[in-house]
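S.K.: Single-letter residue listing:
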Amino acid sequence: MNQRVMLVTVMLVIASMVALADGPVIGEKAPDFTLEDTHGNTHNLSDFEGKVVVLEWTNPNCPFVVRHYRDDLMPALQRKYAEKGVVWLVINTTHPEHRDFETNESLNAIFEEWNAAYHAQFVDLDVIVGRAYDARTTPHMYIICGNGMLRYNGAIDDDPRGSNPHSERVQYFQNALEQLLEGEEIETPETRPYGCSVKYTKDT
Amino acid sequence: MEQDWYIYWENPGDAGIPVEVSWEVPDGFSISELIYPTPERFDTQGMISYGYKNEALILAKVTPEQQGHGIPAPVISARVSWMVCKESCILEEGTTGINIKESNPQPETFERFRQKLPKSVDQSPVKITSIDATRTENRIVVTIHLDGGSVDDFFPGPPGNFLLSHKDIQIQDGTISYPIRPYTASSEIKEVSGLLFINGTAYKFKEIIHNNQHQ
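Going down the list, the sequences are from chains F and S.
3 is the number of the first residue of the first sequence in the working numbering; add one for each residue after it.
128 is the number of the first residue of the second sequence in the working numbering; add one for each residue after it.
Source of the hints: derived by calculation from the structure; they are not laboratory data.
It cannot be assumed that every hint is accurate.
What the hints assert, rightly or not - Okay, the calculated beta carbon distance ranges per label pair: (1) E235/S with M151/F: 51 to 59 angstroms; (2) E315/S with V27/F: 16 to 24 angstroms; (3) R101/F with E147/S: 22 to 30 angstroms; (4) E38/F with Q340/S: 47 to 55 angstroms; (5) L161/S with V68/F: 41 to 49 angstroms; (6) N110/F with T261/S: 45 to 53 angstroms; (7) E38/F with T171/S: 21 to 29 angstroms; (8) R163/F with E235/S: 27 to 35 angstroms; (9) E160/S with S165/F: 17 to 25 angstroms; (10) E160/S with E189/F: 26 to 34 angstroms; (11) T261/S with N149/F: 26 to 34 angstroms; (12) D280/S with E85/F: 32 to 40 angstroms.
Glycine included, C-beta positions come from ideal geometry on N, C-alpha and C.
In isolation and in its complexed conformation, chain F is listed as follows (with noise of 0.2 angstroms):
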């Protein structure tokens, strides 16, 4: 392929990708995508196909991401759901020149200590996966059934201070699971997520 034609496919693929902001829909294919985790290795999301899939979107120096760590919810949520087969994937956007950007040693000693039970966690340094999925917040979780459909997207919970018992919560991102992973129909397969807002730039 001559240059200029790679240029105008290269330029046609971002200008798609702009247009998807509006985020994946509920019952469609979610956006596949190509990322290196914190140990170097690169993925794409369709190795994963047949598996139950989760999304979730991290900034270890987000109050919200901290409380959830800190006090074993997410990871919790993590092994549980590891021993029923579901593949736990944690998607990291954030600006390189953000103040909150780690590096991959930082990322993966932090969440070492906090007892993280995911699969992975991927940098999304160009920023281009948290474009496709309208990723808005940390956390926002996703989930994928086997045939790489979306069925949940949004909030972890109803509760965004925890002001409440952990049983009187809303468990919307983990009701979903259970419903998948049982057959059932997913109630609530949308909700607003709550956290910081994802560093899609060095000053947000």
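Assemble chain S onto chain F, guided by the hints.
M.R.: Then chain S, alone, in the frame of chain F:
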């Protein structure tokens, strides 16, 4: 707040959470819901937030239930929690109290923010004639019909258990419309609230949906 930091309005927008207050009010007194001055809109790459930068005063009205409460110096205390953001966000909490008998400690600040309180839509030159909600599968389009002119801007109130993408709000001559999606398929939207902006003044409204149609 420190320069360029901001907190959120009662509808924080696409991200963020509003202020929460738990009050401790002595017997014989009641306290109103929070009364918000007109916020600003912040647009970060298509993600819309509503809030207050650098400085904010959110009001609440204390009402003695009867004349002559007999308490010499009633004290109201509040535990407030808020999220304040600049590039990163910080969740903060604080407790404060006030003795009702004291005179206003900051009259200029109070007056400045009282000026920023939205007016009632009853005083608006533009009226809402009706609000429809038209549903196609899981997507509901809310249309606010106006009479008497058009509006310069519209900030929706808290959407409840519905998803609203704030950049998709469309304002045309005579109508404001925007799509929303319910959290749960069986939910219907019952009322709409928000601020209409006309010539630099904000007017607050809350209306029941007149027409709920399925297509």
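S.K.: Run every hint past the structure and note whether it holds.
M.R.: Here is what the structure says about each hint:
Against the hinted window of 51 to 59 angstroms, the Cβ-Cβ separation of E235/S and M151/F comes to about 58 angstroms, which satisfies the hint. Checked against the given bound of 16 to 24 angstroms, the beta carbons of E315/S and V27/F, roughly 21 angstroms apart, stay inside it. A C-beta distance of roughly 27 angstroms is found between R101/F and E147/S, which places it inside the suggested range of 22 to 30 angstroms. E38/F and Q340/S have their C-beta atoms about 49 angstroms apart, which keeps the hinted 47 to 55 angstroms range intact.
One distance hint, 41 to 49 angstroms for the beta-carbon pair L161/S and V68/F, is violated here, with the actual separation near 27 angstroms. N110/F and T261/S have their C-beta atoms about 50 angstroms apart, which keeps the hinted 45 to 53 angstroms range intact. The beta-carbon spacing between E38/F and T171/S, approximately 26 angstroms, falls within the hinted interval of 21 to 29 angstroms. At about 32 angstroms, the beta-carbon gap between R163/F and E235/S stays in the expected band of 27 to 35 angstroms.
Between E160/S and S165/F the beta carbons are some 18 angstroms apart, a value that agrees with the proposed interval 17 to 25 angstroms. A hinted range of 26 to 34 angstroms holds for the C-beta pair E160/S and E189/F, which are about 30 angstroms apart. Judged by the Cβ atoms, the range 26 to 34 angstroms given for T261/S and N149/F holds: they are separated by roughly 31 angstroms. For the hinted restraint 32 to 40 angstroms between D280/S and E85/F, the CB-CB distance of approximately 51 angstroms leaves it violated.
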